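Which chain is which? The protein sequence lines are A, B, C and D, in order. With the first sequence counted from 1, adding 39 to any position gets you the numbering used here. With the second sequence counted from 1, adding 39 to any position gets you the numbering used here. With the third sequence counted from 1, adding 701 to any position gets you the numbering used here. With the fourth sequence counted from 1, adding 701 to any position gets you the numbering used here.
Rather than coming from a laboratory, the hints here were simulated on the basis of the structure. Any given hint might turn out to be false.
[Unchecked claim] Every beta carbon over 12 Å from chain D, so not counted as near; a handful from chain A, in silico:
#1 C49
#2 R68
#3 S77
#4 K85
#5 K91
#6 E124
#7 K130
#8 D146
#9 E147
#10 K275
#11 S285
#12 E323
#13 D329
#14 E334
#15 G337
[Said to hold, decoys possible] 27 Å max Cα-Cα, derived DSS-like pairs, lysine-lysine:
#16 C:K869 with A:K316
#17 B:K132 with B:K154
#18 A:K173 with B:K91
#19 C:K775 with D:K775
#20 C:K782 with A:K316
Just so you know, these numbers come straight off a predicted model, no measurement behind them. We treat Cβ as the ideally placed atom computed from N, Cα and C, and that holds for glycine.
So the chains spell out like this:
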Amino acid sequence: MTDRLAVDFCGVRFKNPVIPASGTFGYGREFEEFYPLSTLGGISVKGTTGTKRTGNLPPRIAETPSGCLNSVGLQNPGIDHFIAEELPYLKTKELAVIANIAGSTADEYEEIARKLDSTDVDMIEVNISCPNVKAGGAAFGVSCQGAAEITKIVRSATKKPVMMKLSPNVTDIAEIARACESEGADAVSLINTLLGMRIDIRTRRPVLHNNTGGLSGPAVFPVAVRMVWQVANAVKIPVCGMGGISTWEDAVEMMMAGARIVQVGAAIFADPMAPVKIIDGLSEYCQANDINISEISGTVRPW
Amino acid sequence: MTDRLAVDFCGVRFKNPVIPASGTFGYGREFEEFYPLSTLGGISVKGTTGTKRTGNLPPRIAETPSGCLNSVGLQNPGIDHFIAEELPYLKTKELAVIANIAGSTADEYEEIARKLDSTDVDMIEVNISCPNVKAGGAAFGVSCQGAAEITKIVRSATKKPVMMKLSPNVTDIAEIARACESEGADAVSLINTLLGMRIDIRTRRPVLHNNTGGLSGPAVFPVAVRMVWQVANAVKIPVCGMGGISTWEDAVEMMMAGARIVQVGAAIFADPMAPVKIIDGLSEYCQANDINISEISGTVRPW
Amino acid sequence: MKYTVNTYKLIQKTQLAKGIFDFCIYCPEIAETAVCGQFINVKAEGFFLRRPISICGIDRRNGTLRIVFEVRGKGTLALSKLNTGDMMDITGPLGGGHFTMLSPDKKAVIVGGGIGNPPLVPLALHYGKNATVISGFRNESAVILQSDFAKNGADVILCTDDGSAGRKGFVTDALAERLDAGECDIIYACGPMVMLERIAKAAKLHGIPCEISLEERMGCGVGGCLVCACRISRNGSEEYLHVCKDGPVFNANEVIFND
Amino acid sequence: MKYTVNTYKLIQKTQLAKGIFDFCIYCPEIAETAVCGQFINVKAEGFFLRRPISICGIDRRNGTLRIVFEVRGKGTLALSKLNTGDMMDITGPLGGGHFTMLSPDKKAVIVGGGIGNPPLVPLALHYGKNATVISGFRNESAVILQSDFAKNGADVILCTDDGSAGRKGFVTDALAERLDAGECDIIYACGPMVMLERIAKAAKLHGIPCEISLEERMGCGVGGCLVCACRISRNGSEEYLHVCKDGPVFNANEVIFND
Ligand SMILES: Cc1cc2nc3c(=O)[nH]c(=O)nc-3n(C[C@H](O)[C@H](O)[C@H](O)COP(=O)(O)OP(=O)(O)OC[C@H]3O[C@@H](n4cnc5c(N)ncnc54)[C@H](O)[C@@H]3O)c2cc1C
Ligand SMILES: Cc1cc2nc3c(=O)[nH]c(=O)nc-3n(C[C@H](O)[C@H](O)[C@H](O)COP(=O)(O)OP(=O)(O)OC[C@H]3O[C@@H](n4cnc5c(N)ncnc54)[C@H](O)[C@@H]3O)c2cc1C
Ligand SMILES: Cc1cc2nc3c(=O)[nH]c(=O)nc-3n(C[C@H](O)[C@H](O)[C@H](O)COP(=O)(O)O)c2cc1C
Ligand SMILES: Cc1cc2nc3c(=O)[nH]c(=O)nc-3n(C[C@H](O)[C@H](O)[C@H](O)COP(=O)(O)O)c2cc1C
Ligand code: FES
Ligand code: FES
C-alpha cells in the first residue's frame with residue numbers, strides 16, 4: 040500500500056516522494072513536535088555553508104498574495120556542526136537525508152562536498168540559486184558557465200548523488216539544467232525563489248531589511264510547473280520539483296509536469312501538517328487509481 | 040483636488056496615473072457599461088498587429104493562486120481597423136490613448152509604428168514580451184540585442200513617445216531596459232506576464248491549449264515591484280509600472296518603487312471597478328497627506 | 702450603465718440534488734434588465750476569477766434572480782457553502798447573445814443535458830403548452846428542475862443514461878423522435894459540447910432554427926480580454942467570437958465544433 | 702507532541718476598545734500545556750502567513766485560552782470579523798522562552814505598553830498583591846485590561862501619553878519612581894522596542910532581573926525557517942536567535958537593541 044508511493048531517485052530510495060524544502064524545515068527537529076520525521080520521504084536540510092553564518096538583518100519575511108518573500112541569507116551553523124550534531128540525529132530517523140549546501144566561492148562548495156562525501160547523507164543538493172547572499176549563491180546559478188563550474192567541482196569532490204538546485208531568475212532555465220547535466224549532475228531540483236520586493240508605504244522602506252527577497256508559496260506554482268516541464272524535457276537526469284506546492288493535487292501536477300519527487304516549502308508556514316496531508320492525499324490517489332506514484336511522472340500530454 | 044493626481048509622462052498629460060493594462064480592457068467600450076472612460080488616466084489598448092490575428096485555440100485562461108495564466112495570443116483586428124474604428128471613438132473620450140503594438144518581425148513593428156505616427160494616439164507601447172505567440176513577441180524582449188533592434192526601428196518610424204514593454208522572463212531586466220534607453224526609448228513599461236503552466240490532473244493535459252501562458256494578477260506583484268525598482272535605478276527615462284496591482288496601496292507601492300504611472304490588468308477580472316477604486320484611493324491618499332501623487336515616485340529608501 | 706457589479710444578498714438556498722444548489726438572490730438592478738440566456742459572474746471567496754453562472758429565473762417584481770449550479774471544483778464548492786443572508790459579489794447581467802423568444806404560440810423544443818438544464822427553465826415557462834422539454838441526466842439522483850419545466854404545461858420528457866428515471870438513453874434520441882413526430886419552430890439547447898453538436902446536426906437536418914448556449918473559461922466576462930473564444934462561422938468567414946459578449950447563446954448553425 | 706495544529710471554536714468575543722478585541726477560544730489541547738509568555742499562531746482567512754498572538758489567559762479547567770489583539774493590518778482585521786461560534790485555525794502553544802514565574806511572594810514589577818499589555822495579565826494574577834503593574838497607552842480610549850490586572854490585588858499604575866487617563870507620561874518614568882521607591886525582585890515587560898530598551902537599561906542600572914517579550918515577523922513559528930531573528934548576546938558572543946523558538950521572552954540583558 041505505502042509502497043505505491045516509493046520512488047527511486049538517483050539510486051536513493053524515498054518511501055514517498057514528499058520532502059520538506061531546504062530552509063523551511065530546519066533540521067526537522069522542531070517538526071517532530073507535530074509528527075514523526077519518518078512520515079516523510081526525505082528531508083532537505085537548511086542550506087549549509089563552510090563555516091557558521093549569521094544571515095541577514097531582520098525583518099527577513101514579508102507576506103505577499105498567496106506567498107511570502109524571505110531574506111534569511113543562509114543563517115546556519117556550518118558544515119562541521121551539521122555533520123557532528125544534526126546528521127547523526129537525522130540518521131536515527133527513517134527518511135532520506137539530503138544535505139543542501141551553498142558557498143561564496145567554488146572552493147567553499149568543494150570543501151563542503153568533500154566533507155559530506157565521507158558521511159552517510161543520502162544525497163547532496165547544491166544551492167546555486169540563493170537570491171539573498173551577496174557573494175556566491177545565485178551568482179553561480181544564473182549563467183550556464185557558473186552552474187557548470189560548480190557542478191564540476193562538486194562532482195569531483197564526492198561520489199554522493201549530486202543534485203543541482205536551479206534559480207528561476209533566468210531567461211532560459213533549460214539551458215542551465217543542460218549545463219549541469221553535462222558536467223555530471225545526477226539530478227536537478229527547481230525552483231528556488233523568485234526575486235521580489237515589498238515596500239511598507241507608511242515608512243517608505245522595503246519590508247525586508249535586505250531590500251529584496253525570494254518569493255515562494257502558491258503564487259509561484261504556475262511558474263514552477265512550467266520550468267519543471269521545460270527542464271524535464273531538456274535533460275535526461277531526474278528532476279525534483281518544487282515551488283508553491285501546497286496540496287496533493289499540486290504534487291500530482293508537478294509530477295505530471297516531469298518531477299519524480301517533490302519538495303514542499305512555504306506551504307509549511309501556512310500549515311505545518313502540509314507535507315503529511317500531501318502524502319496522505321497521494322496515497323489515496325494511488326489507491327483510487329490503482330497506480331504507483333512514479334508512473335505519473337512526466338505524463339502530461341501537451342496539446 | 041483631482042490635479043493632485045495629474046502626472047506628466049513623456050510629455051503626455053495623464054489626469055491620473057491609472058491605466059487599464061493592454062489586453063485586459065479591450066478598447067474600453069465594454070467597460071463604459073460600468074463607468075465613463077474619462078474616469079481613467081489613460082488606456083493601453085489591446086495589442087495590435089499589422090494584420091488581423093485570430094489568436095490561440097481556447098482554453099485561453101487558467102486560474103492560479105491569486106492570479107491567472109492567459110494565452111490569448113494577440114487576437115486583434117489589425118492596425119488599420121484600430122485606426123479606423125477604435126481610435127476615433129477613444130479620442131472622443133477624455134483620456135490618454137496608448138497604442139500597444141506587437142509584430143512577428145521587425146518590419147511589422149516598423150509598419151505599425153509608421154501608421155500610428157500620423158494618428159492622434161498619445162503614445163506607443165511596444166510589446167516585445169508577449170509569451171503567447173510563436174514568432175516575435177518575447178523573442179525580441181529576452182535579449183538586449185532584440186530589444187535594442189525593435190526600439191531603434193520603432194524610434195525611427197515615429198515621433199510619438201515610444202514606451203518599450205519589457206518581459207520579466209529574463210535574467211537581468213535592468214540590462215534590457217538600458218538597451219532600450221540607449222536606442223532612444225522615451226519610457227519603459229513593465230512587467231508583462233511571467234511564463235507559467237497549469238495541468239488538469241484528471242485529463243493530464245495542460246489547462247491552456249497553448250500549453251503555457253502568461254501569469255499575472257496579485258501573485259506576481261512582488262516580482263513586479265522588484266523589477267520596477269531595479270529598472271528605475273538603472274535608467275533615466277520614466278517607468279510605467281504594472282504587474283499584480285489591485286488596490287490603491289499597491290499602486291502607491293509600485294510608484295514608490297520607481298513607477299510614475301501604473302497599469303492595472305488582471306485585477307479587472309476580479310473586480311471591473313478596480314481601476315476606479317484605485318483612483319479614488321489615490322485621491323484620498325494625496326489629500327490626507329497633502330501631496331501630489333507624482334511626488335512619491337521612486338521615494339523608497341532602501342536599507 | 703448596462704452592467705452592475707455589487708454585493709447582493711442570498712435570500713434562499715435549496716439543495717436540489719447531490720452537489721446541486723438552487724440560489725435565490727435579491728439583486729433588483731440586475732433582475733430589472735436581465736433576459737433569458739444571460740449569465741452572472743460570481744465571486745467565490747478565496748478565488749481570483751469569477752464563476753459564470755446562467756440565470757435560471759428572473760423575478761422582476763421581487764427583484765430576485767435564481768441560479769442553479771453544480772459543485773464542479775473549488776470555486777463552486779465555496780459558493781455552495783454560502784448561507785441564506787450572506788452577501789454575494791456579482792457582476793451582471795452579462796451576455797450579448799441571448800435566447801430569441803418567439804411568440805409563445807410557436808412550438809419550441811428545449812433540450813438540456815445535466816447542469817445545462819437551468820438556463821432553459823424560463824424558455825419552458827414562456828412557451829408553456831407549446832414547449833417540449835427533453836432533459837437528460839446521468840441517473841435518477843441527478844435529476845433536477847422537472848416540476849419547474851412543467852409548471853406552465855410543457856411536455857417534459859425525462860431521460861437518464863442508465864434508465865433509473867424516465868426513459869433510458871440520450872436526449873438526442875428523444876429529440877429525433879420528437880422532430881419526426883411533429884411540428885417544431887425552434888430548438889434551444891444547453892449541455893455538453895458533444896450533445897450540442899448532435900443537436901445542431903439534427904436541427905440542420907430538419908431545417909429548424911436552433912440556439913445553443915456555450916461555455917468557455919472566462920476572464921473579464923464582458924468582452925475586454927478575449928480569453929473566452931469560440932469558433933464561429935459568420936458571413937462566410939471563420940473567426941473567434943467570445944462567449945461572454947457575443948454569446949453565451951449562439952445560432953447553432955454558426956458554431957464550429959472542434960473534432 | 703508538544704505542538705498542536707487544529708481548528709478551534711471561538712466561544713466569546715468582546716471588544717475592549719476601538720480596534721481591540723478579546724477572544725476566548727475553546728482549545729483544550731493547547732490550554733493543557735500552555736504557559737505564561739507563550740503565543741499561538743492564528744490563520745487569518747485569505748492570508749498566507751499565520752498571525753502570532755500572545756496568550757493573555759489560560760483556563761485549564763474549562764479548556765480555554767484568552768487572546769487580546771489589536772487590528773493593525775489586513776490579517777488582524779479579518780480576525781476581528783470572526784463571530785462567536787466560528788472556527789479558528791490555530792497552532793500552539795508556541796514559544797520556547799517564556800516568563801519565569803518566581804514564588805508569588807516575590808515583588809514583581811510588570812510594565813506593558815499598548816498592545817504589549819495582554820501577555821502580562823497572567824503575571825499580575827500570579828503575583829497578586831506583590832505585583833506592581835505599570836501599563837501605558839496612547840490615550841484614554843486605548844486603555845484596556847485594567848480590572849484584569851487588578852483582580853488579585855496588584856497595584857496598577859495607569860499612564861497615558863496625553864494624560865487623558867491615569868498619570869500623564871511614559872511607563873518608564875513610572876517605573877523609575879517605583880524602582881526608587883521600593884524593593885523589586887523581577888521586572889517583566891512587553892511593548893514597543895524603544896520602551897523595552899529603556900526598561901532594560903533601568904533594570905540593569907538597578908541590578909534587577911528583567912524579562913521582555915519580543916516581536917518579529919514570522920514564517921513557520923516553530924524554529925524551522927529562521928526568519929524571526931533577533932540579536933542576542935549570550936556566553937560572550939552575539940548571535941541571531943529566534944523569537945518563535947528561543948523566545949518570545951528573553952532575558953533583557955541578552956537582547957541587543959538596534960540603534
Ligand atoms: C456562460 C456560462 C454559464 C454557465 N452556467 C452554469 C450554470 O447555470 N450552472 C452551473 O452549474 N454551471 C454553469 N457554468 C459552468 C460554471 O461556470 C463552472 O462549473 C464553474 O466555473 C466551475 O468553477 P469551479 O471553481 O467549481 O471549478 P474549477 O475547475 O476549480 O475552476 C477553475 C477555473 O476554471 C473555470 N471553469 C471551470 N469549468 C468551467 C466551465 N465549464 N465553464 C466556464 N469556466 C469554467 C472556473 O470559472 C475557474 O476560473 C456556466 C459556464 C458559462 C461559461
Ligand atoms: C510573539 C508575538 C506575540 C504577539 N502578541 C500579540 C498580541 O497579543 N496582541 C496583538 O494585538 N498583537 C500581537 N502581536 C503582533 C501581531 O502579530 C501583529 O500585529 C499582526 O501579525 C499584524 O498582522 P496584520 O495582518 O494585521 O498586519 P499586516 O501588516 O497586514 O501583516 C503583514 C505581515 O506582517 C506580520 N506582522 C506585522 N506586524 C507584526 C508584528 N508586530 N509582529 C509580528 N509580525 C507582524 C504579519 O503577521 C503578517 O505576516 C504579537 C507578535 C508576536 C511576534
Ligand atoms: C524561509 C526560506 C528559507 C529558504 N532557505 C533555503 C536554503 O537555505 N537553501 C535552499 O536551497 N533553498 C532555500 N529556500 C528555498 C526553498 O527551498 C524552495 O526552493 C522555495 O521556497 C520554493 O518552494 P516553496 O514555494 O514550496 O517554498 C528557502 C525558502 C524559504 C521560504
Ligand atoms: C488576458 C490578457 C491579455 C493580455 N494581452 C496583452 C497584450 O495584448 N499586449 C501586452 O502588451 N500585454 C498584454 N497583457 C499583459 C498585461 O498588459 C500586463 O502586462 C500583465 O497582465 C501584468 O499586469 P497585471 O498583473 O495587472 O495583469 C495581457 C494580459 C492578460 C491577462
Ligand atoms: S471573458 Fe473576457 S472577453 Fe470573454
Ligand atoms: S518563524 Fe520560523 S524560525 Fe521563527
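Here is how each hint holds up against the structure:
1. No Cβ of chain D approaches the Cβ of A:C49 within 12 Å, the least distance being about 25 Å, so the stated non-interface status holds.
2. With a least CB separation of 8 Å from chain D, A:R68 falls inside the 12 Å interface cut-off, contrary to its annotation.
3. In this structure A:S77 is separated from chain D by more than 12 Å, as the shortest Cβ-Cβ distance comes to about 14 Å.
4. With a minimum CB-CB distance of about 7 Å to chain D, A:K85 fails to clear the 12 Å threshold, and the non-interface call is violated.
5. Look at A:K91: its CB is around 9 Å from the nearest CB on chain D, not clear of 12 Å, so calling it non-interface is violated.
6. Chain D leaves A:E124 outside its interface by the beta-carbon criterion, the shortest separation being 15 Å against a cut-off of 12 Å.
7. Chain D leaves A:K130 outside its interface by the beta-carbon criterion, the shortest separation being 19 Å against a cut-off of 12 Å.
8. No beta-carbon of chain D is positioned within 12 Å of the beta-carbon of A:D146; the least distance is around 25 Å.
9. Listed as outside the interface, A:E147 is consistent with that label: its C-beta sits roughly 20 Å from the nearest C-beta of chain D, beyond the 12 Å cut-off.
10. For A:K275, the shortest C-beta to C-beta distance to chain D comes to about 34 Å, beyond the 12 Å cut-off, and the non-interface label holds.
11. Its closest Cβ contact with chain D, about 10 Å, brings A:S285 to no more than 12 Å, contrary to its assignment away from the interface.
12. Interface exclusion of A:E323 from chain D stands, the closest Cβ pair being 21 Å apart, more than 12 Å.
13. The claim that A:D329 lies off the interface holds: its Cβ sits roughly 32 Å from the closest Cβ of chain D, which is beyond the 12 Å cut-off.
14. The claim that A:E334 is not at the interface with chain D holds, since no C-beta of that chain comes within 12 Å of its own (minimum 32 Å).
15. At roughly 30 Å from the closest C-beta of chain D, the C-beta of A:G337 stays outside 12 Å, upholding its exclusion from the interface.
16. Proposed proximity of C:K869 and A:K316 is contradicted: the alpha carbons are some 42 Å apart, above 27 Å.
17. In summary, the hint linking B:K132 to B:K154 is supported, as the alpha carbons are separated by about 21 Å, within the 27 Å threshold.
18. Straight-line distance between C-alpha atoms of A:K173 and B:K91 comes to about 48 Å, which puts the hinted pair past the 27 Å bound.
19. Taken as a hint, the C:K775 and D:K775 pair is honoured in the structure, with Cα atoms around 24 Å apart against an allowance of 27 Å.
20. A distance of roughly 23 Å separates the Cα atoms of C:K782 and A:K316; the hinted pair therefore holds under the 27 Å criterion.
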